[in-house]
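A.B. asks: Take a look at the letters that make up each chain.
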Amino acid sequence: MSRWSIQDLECWDARIREKAGEFGLSCFPQEFEVCNHEQMLGYMAYHGMPAHYPHWSFGKSYEKLKTLYDYGVSGLPYEMAINADPARAYLMRGNSLCLQILTIAHVYGHNDFFRNNFMFRDTRPELTLGQFKLRADRVRGYVEHPSIGLQAVEEILDAAHALSLQCRRHTAIRKLTREEQRARVLDAAEPPHDPFERIHRPVEYRAPDLDHVPLEPEEDLLLFIAEYSPYLTDWQKDLLHIVHEEARYFIPQMDTKIMNEGWASYWHHKIMNGLDLPEELHLEFLVHHNQVIRAHPGGLNPYHVGFRLWHDIRRRYDEPTEAEIEAHGTPEKSGTEKIFEVRETDRDVSFLRRFLTADLMRDMDLFEYAKKGDQFVVSHVSDEEHWRGVKETLLRNIGMNTVPVIRILDADHDHHRTLYTQHEHDGRDLQYESLEKTLRYLHRLWGRRVLLETVMQGKSTTFSCDEGGVDRLAG
Amino acid sequence: MDPTVFRPYSESDALRSDRSAADRLRHRRKVREAIRGNIADIIAEESIIGQSRDKIIKVPIRGIREYRFVFGDNEPGVGTGNGDTEPGQVVGEAGGDGNGPGPPGNRPGIDYYETDITLEELVDIMFEDLELPDMERKKLREVPADTVRKHKGYRRVGARAHLDKRRTATSRLRRKIATRGTVPGAPGDSRFPFHRDDLKYRRLVADLRFQSNAVVLCIMDTSGSMDTMKKYLARSFFFLLYQFVHTRYHNVEVVFIAHDTRAREVSEEEFFSKGESGGTMISSGYHKALEIVQDRYHPTLWNIYAFHCSDGDNWPHDNGVALAAARELCGVCNLFGYGEIKPLNSGSYGDSLLELFDEVDAKNFHALMIENKEDIWPSFRRFLSREKAAAAAE
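Residue numbers (the working numbering), protein chains in the order written: chain D, 818 to 1292; chain V, 10 to 403.
A hint or two may mislead.
Said to hold, decoys possible - Computed footprint of chain V on chain D, listed as stretches where at least three residues anywhere in the stretch have a Cβ under 8 Å from a Cβ of chain V:
(1) 1094 to 1103
(2) 1214 to 1221
(3) 1246 to 1258
Claimed, not checked - In the DSS-like style, the derived pairs of lysine-lysine whose C-alpha atoms are separated by at most 27 Å in a straight line are:
(4) Lys382(V) with Lys883(D)
(5) Lys1054(D) with Lys185(V)
(6) Lys185(V) with Lys174(V)
Calculated from the structure, these hints are not laboratory results. Quick caveat: nothing in here was measured; it's all calculated off a predicted structure. Ideal Cβ positions, reconstructed from N, Cα and C, are used throughout, including at glycine.
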């Protein structure tokens, strides 16, 4: 049925790789798998992994994807690439030759990004597939174990999934060990050096409570529970580790979505233009390319934003305008050098913060909207006065910034083994229904009472969850 | 750098790689459980009562959403415009799916929680956990309910399609060995052909399965005091009863009896749409029911379920007769129920027959009160649990 053969793909792939090399992309070895749409839906439901542990939520996600696809609400992605070494990507069998070439070029963009961006440095891509497989085997082992079974495993996985994103965001920053934390606490307790100590009253040394758990506020909820819960059995703790490790693997991808898609689009555009495609293929390519990177009015297409930003950075370094030279001086680097540097050192938040200019925002007509009654109403546009505000709102709505920060302050609150957690309120309130349900999961895992301190409508509020359910405590 | 690997599409891999099957099944089970959890709400939805079994209903589902800590819906978002966006411009509707403006899926945390199921599935789910004991199996006017053709043994003649090739070949071999090398046919011809006796055909017999029959007698008061709301409640109840009986028996017949002061057997359409008029003589309905049972549905052959809905405004002189008739009905029915429909705001302060029927005192009699549509499912369950108790007592 397809109008191309594997040989065609190999031949184009060789040319694309040659181009990619010329442009300076440095990639992992690449593997492609040709699949049909059902396999593609399957890969999508399981985060692109060839082996993954079972859970009903993936069945749900498959059904949802399939329904959307069957009713034509959403098409399938042309490609799916996963961060692994050798890198792996899936090509849809039914796509035309042009789409396959475009996809291959696009995939090399992702490949280069995964290999070079600092966020992915600790993801151990050479082990990815094997680790997912091992985790799947472990979970299956528990499910099949006569003393555990599906129900018990599911109960823990449900709870763990609810909390999986409650972990440290900066995966590239090493977590301190308990000893290092202790040293830091002791350090902090030392009175600061006072140049006028002779005339000041000496500050009294207050010994820090080194038995306090945790020593510093802890963001890795699942890890913490696995380490300190006296009630969970070993397999339950292992499940928490499994879910945590997986979330950790995906966080860098969530946090670089715009950069990554933009980077891949930038390079497929470059490569395709450098390939001397026959006119017919070239026209088809332009159609697809424009579809991929077009703006979604009202929404935010990461391909669109990313593509525009990379182009703009390059332009500012290669052909700065008079005004830009006046403001920032003559650039010291070429555009190419700059973008390769940025693809290594940034993630979406810093990328947008540093390179999304007011001009670009106006050009893309970025606006901020808010709910008013039953409608979404534009509250600000990117004009002289408000573009900073719009940008701040944008930064809050990408990647891990859409996940509230919850920290564990005390694992033995009131000496009752009550877990005291705090939501770091940044102006956004938590949604009540999900808060209630998620607290129950937290309680299920911790096994004792759980407190969550947050701010609701400007008032500090504490929620408590124990066997009886969730209560709102005053103040 | 290593050469790029292309793994071609493999049909056989694709066919056996339905990896999500088990997880999808598990998810569907959870959906069913969730539906069972709020079945009373669904029953109270007006639209399902009296619909055909293929009708697809949207059912809200709670309990299978995946929760996480998320920010509230009122937080602002950012979108791209067409180049001329002005403050104050409306960019989308907030109702419905709760998504932001623009293409779906650009805001996280929104989950589907509605699903489509057919009425038939819903009925299955509804009755799945009622777990009634096997009802008294009556000797039937045996209607062969199932004629499954079952494979039973072999024979020498039959239709070509039923030829059992393996047995046929074995039997030829057996014969060949038995002849000890003497080859039939012309000398020099070493072939050993099939003989007609070798042919073995599978024998199929019709497997008759006899099913219990059941009849549902729907008796409704259509006197002047039965208004639309009351009739709607009655109808809902009859619907459930019919659906239930239908899941338990293969042959179910339904008889509609409408009565005011006289009773008539009517068609389903008439039964529910007929205008109301006149006074009430409940006994007339019961007598008609008894008469029909006598004529067509002998209690030794049929499982009889009778249910009567009324607002209890009976003609006082009739009460004694009605009570006697009710007792008689209890004698022939598996289950006889009386539902008194008194919507709270109906302005009907008439008498109640509930007290009167207290005297019936038969194990298979059940009287209940329906005040609003939320009552229907709980009362229905109670009604059936009565039968359960009765069956257990026997």
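A.B. asks: Each hint should be assessed against the structure and marked as holding or not.
C.D. replies: Now for the hints, and whether the structure bears them out:
no., hint, verdict
1, 1094 to 1103, "violated (count 0)"
2, 1214 to 1221, "holds (count 4)"
3, 1246 to 1258, "holds (count 10)"
4, Lys382(V) with Lys883(D), "violated (37 Å)"
5, Lys1054(D) with Lys185(V), "violated (69 Å)"
6, Lys185(V) with Lys174(V), "holds (16 Å)"
Hints 1, 4 and 5 from the earlier list are contradicted by this structure; the remaining hints agree with it.
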